[in-house]
Amino acid sequence: MNKPCDPMSAEMLTPSPVVGSSRPHESAALHVSGEARYTDDLPELRGTLHAALGLSPVAHGRLLGVDRAALLALPGVVAVLTAEDIPGENNCGPLLHDDPILASGELRYLGQPVFAVIASDRELALRAAAQAARVIRCETLPAVLTALEAHAAAQYVVPPMHLQRGDAAAALASAPHRWQGEWSVGGQEQFYLEGQISYALPQEDHGLLLHCSTQHPSEMQQLVAHALSWDSHRVQVQCRRMGGGFGGKESQSALFACVAALAAHRLQRPVKLRLDRDDDFLITGRRHGFDYRWNVGFDDEGRLLAAEVELIANCGHSADLSAPVMTRALCHFDNAYWLPHVALHGYCARTNTQSNTAFRGFGGPQGALAVEVILDGIARRLGLDPALVRQRNFYDEEGARNVTPYGQQVEDNLLRPLSAQLLQDSDYAQRRADIARFNADSPVLKRGLAFTPLKFGISFNVVHLNQAGALVHVYADGSVLVNHGGTEMGQGLNTKVAQVVAQALGLPLTAVRATATDTSKIANTSATAASTGADLNGKAAQDAAQRIRRRLAPLAAELLQAPEDALLWADGWVRVATRPEEALPFVTLVQQAYLRRIQLWSEGFYATPGLHWDRQTLQGRPFFYFAYGAAVAEVLVDTLTGEYRVLRADALHDVGQSLNPALDIGQVEGAFLQGQGWLTTEELRWHPHTGKLLTHAPSTYKIPTANDMPLDFRVKLFGRPNAADSIHRSKAVGEPPLLLPFAVLLALQDAVSSVNPEAPPLQAPATAERLLRAMQGF
43 MNKPCDPMSA EMLTPSPVVG SSRPHESAAL HVSGEARYTD DLPELRGTLH
93 AALGLSPVAH GRLLGVDRAA LLALPGVVAV LTAEDIPGEN NCGPLLHDDP
143 ILASGELRYL GQPVFAVIAS DRELALRAAA QAARVIRCET LPAVLTALEA
193 HAAAQYVVPP MHLQRGDAAA ALASAPHRWQ GEWSVGGQEQ FYLEGQISYA
243 LPQEDHGLLL HCSTQHPSEM QQLVAHALSW DSHRVQVQCR RMGGGFGGKE
293 SQSALFACVA ALAAHRLQRP VKLRLDRDDD FLITGRRHGF DYRWNVGFDD
343 EGRLLAAEVE LIANCGHSAD LSAPVMTRAL CHFDNAYWLP HVALHGYCAR
393 TNTQSNTAFR GFGGPQGALA VEVILDGIAR RLGLDPALVR QRNFYDEEGA
443 RNVTPYGQQV EDNLLRPLSA QLLQDSDYAQ RRADIARFNA DSPVLKRGLA
493 FTPLKFGISF NVVHLNQAGA LVHVYADGSV LVNHGGTEMG QGLNTKVAQV
543 VAQALGLPLT AVRATATDTS KIANTSATAA STGADLNGKA AQDAAQRIRR
593 RLAPLAAELL QAPEDALLWA DGWVRVATRP EEALPFVTLV QQAYLRRIQL
643 WSEGFYATPG LHWDRQTLQG RPFFYFAYGA AVAEVLVDTL TGEYRVLRAD
693 ALHDVGQSLN PALDIGQVEG AFLQGQGWLT TEELRWHPHT GKLLTHAPST
743 YKIPTANDMP LDFRVKLFGR PNAADSIHRS KAVGEPPLLL PFAVLLALQD
793 AVSSVNPEAP PLQAPATAER LLRAMQGF
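Here this note's numbering is used: the first residue of the sequence shown is 43, the next is one more, and so on.
These are calculated hints, taken from the structure and not from any lab test. Yeah, the Cβ is synthetic: ideal placement off N, Cα and C, and Gly gets one too. Every clue listed holds true.
Distance ranges between label pairs, derived from CB positions:
1. A115 to G76: 36 to 46 Å
2. G441 to S146: 48 to 58 Å
3. S64 to A115: 51 to 61 Å
4. N566 to E246: 18 to 28 Å
5. E453 to R657: 20 to 30 Å
6. G147 to S64: 52 to 62 Å
7. S226 to S146: 27 to 37 Å
8. D427 to R657: 35 to 45 Å
Whenever a hint applies, use it, and build me the whole structure from the sequences.
Written out as structure tokens, the structure reads:
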């Protein structure tokens with residue numbers, strides 16, 4: 043038997059925390075130094091060709107043909123591909139087969155890819171593709187450009203959905219107060235820093251390696267295989283990291299992956315397709331804009347007694363992910379509130395615009411925002427503090443008033459204690475009084491204050507997607523490599539998974555490394571979306587690591603002459619609880635295990651338990667748990683110009699028992715500002731006659747900058763462990779905090795109301811122009 047090492051020092055007897063500690067992002071130094079490799083940074087193989095897309099010049103039309111000869115005559119052009127060149131299925135739709143890779147027969151929106159030019163140089167490919175209007179022959183047809191126009195014509199991408207509880211009509215008829223209103227919120231461009239890109243490399247034996255900036259490598263693999271009429275095992279997809287995704291690379295990276303793969307296969311040369319920002323805007327979809335029509339009933343204290351609401355989403359020309367987006371919107375209309383009688387009607391309008399898709403929150407923000415606007419309006423009609431009205435409508439922690447309209451019990455309800463803490467910490471009551479005095483004495487500048495809570499369901503609302511796999515390899519030198527099915531897009535997923543594996547094996551974080559997502563390692567993965575990245579992949583990686591540890595435990599017990607249940611694993615050592623001065627280095631244990639032919643690698647798997655969902659009735663338990671949060675925002679508005687500043691924002695967010703507080707706070711801060719941009723500055727405009735997206739560049743589409751940050755920004759984590767058996771009792775943090783900046787929009791409404799008490803709900807985004815019009819009453 044190998045003797046244990048020398049006695050440990052007192053410092054070594056105190057384990058260093060891994061999970062739950064603030065650790066830097068695993069690629070932070072690489073990001074700062076510029077060494078982090080994204081898809082476009084990969085060395086181009088000799089003979090690499092470049093692809094560019096020719097886009098439809100009309101919003102709706104009949105495609106009559108493409109003048110290939112004119113394109114082939116241009117400098118550097120090697121090939122021109124159209125739908126006729128696709129050997130398999132001409133489809134990149136993730137759910138319905140209604141989204142062509144390249145247009146065939148019908149032109150559906152201005153910017154739709156019609157052909158691909160393959161050239162020796164990217165600039166030459168772009169120049170050739172820019173000739174699209176000259177070489178595409180088409181017949182123009184009438185276009186439908188707005189969701190309300192499509193709704194009036196009953197033109198939908200999927201059938202309407204209805205979620206009901208109780209008798210809304212009867213409750214409305216007997217309610218002391220009624221309010222019929224309508225409202226709208228615009229869409230939002232993901233504006234990831236790294237645009238859509240795919241690099242396809244032909245392999246031996248009719249195979250293909252695809253480097254793709256995507257949140258869903260397995261879906262890219264499947265769609266490329268279908269387009270080429272291949273088996274999936276011939277397509278390998280890799281993604282080391284993305285320069286942002288936000289949902290825009292969940293399904294919509296498929297078109298570019300398929301075109302690059304098709305060209306590489308046809309020409310047997312490596313082909314790269316990288317969009318510039320303008321084309322990315324014109325081709326891809328974004329967050330769904332919603333129109334709302336409501337009829338609500340409420341009592342004298344502001345309690346919502348009944349609601350009948352139409353939610354009309356602008357889905358674009360194809361279904362994409364609109365059905366589950368609408369489902370989540372309907373399931374989040376309740377947000378934090380008990381609604382005894384509801385009749386919610388969801389309509390996915392088909393328009394001749396880009397096909398809208400996933401975006402952080404996935405319909406949840408659009409659903410929850412509607413009830414927040416409604417409750418805010420109710421409070422103003424009754425002359426009550428909106429914060430008080432919100433609290434009166436909260437779900438109860440127990441009893442009958444804690445079941446959602448879709449039938450799921452609201453368990454581990456943190457709404458009241460979390461909100462109470464935030465209102466106290468932010469000094470909401472005193473500031474409300476101070477702002478009233480300020481506004482009374484200030485004729486030009488007005489302040490506004492608002493409090494908003496959130497409840498957000500965590501899980502894919504398609505049950506079978508809630509699964510994940512992982513591989514963990516322990517090498518003979520004691521170092522560890524982990525691979526999982528999630529993708530890294532800057533959110534720190536690989537860091538958290540590495541922390542989980544290090545904790546499970548009792549190692550320092552430096553001993554664990556995460557590798558690129560690869561369909562040849564983990565198969566049939568779900569998208570890194572729905573805020574489930576750490577939940578699913580963390581559990582799968584933990585399962586793999588624990589399997590290895592269970593194999594090593596008998597050997598460690600033998601070497602330390604102690605029972606297995608007395609072993610402590612931490613900081614790269616195994617020691618005995620009753621004799622902590624005796625310790626065995628993990629590397630020594632691994633070397634001995636190798637000599638004894640003990641398996642040092644393992645797969646892991648996780649499937650979220652307890653989920654069920656009926657898509658027809660919209661009833662079930664679609665979420666494993668709920669995340670909660672709340673924010674208070676204060677704004678200052680110039681009544682002469684409509685310009686504003688966020689003076690202060692307080693956010694208290696529930697992440698359970700945080701895996702990495704630094705990363706989680708960063709996610710909350712980023713989500714807050716991204717949501718603030720959606721609701722205040724990021725305005726999408728289409729030409730009313732041609733259907734061209736006019737805001738297709740940073741010069742016309744205004745994302746928030748550092749100057750838009752709240753001047754005083756206070757973010758805290760609530761810090762209560764998750765009641766559900768999530769990974770280390772943590773909670774998802776990617777999407778829920780995007781609902782926090784609802785407080786900014788409603789603080790602006792508060793400021794406007796101090797000038798114009800009769801002002802209707804502010805349309806979002808609440809640009810300076812809209813603020814000015816609202817204050818001036820037109």
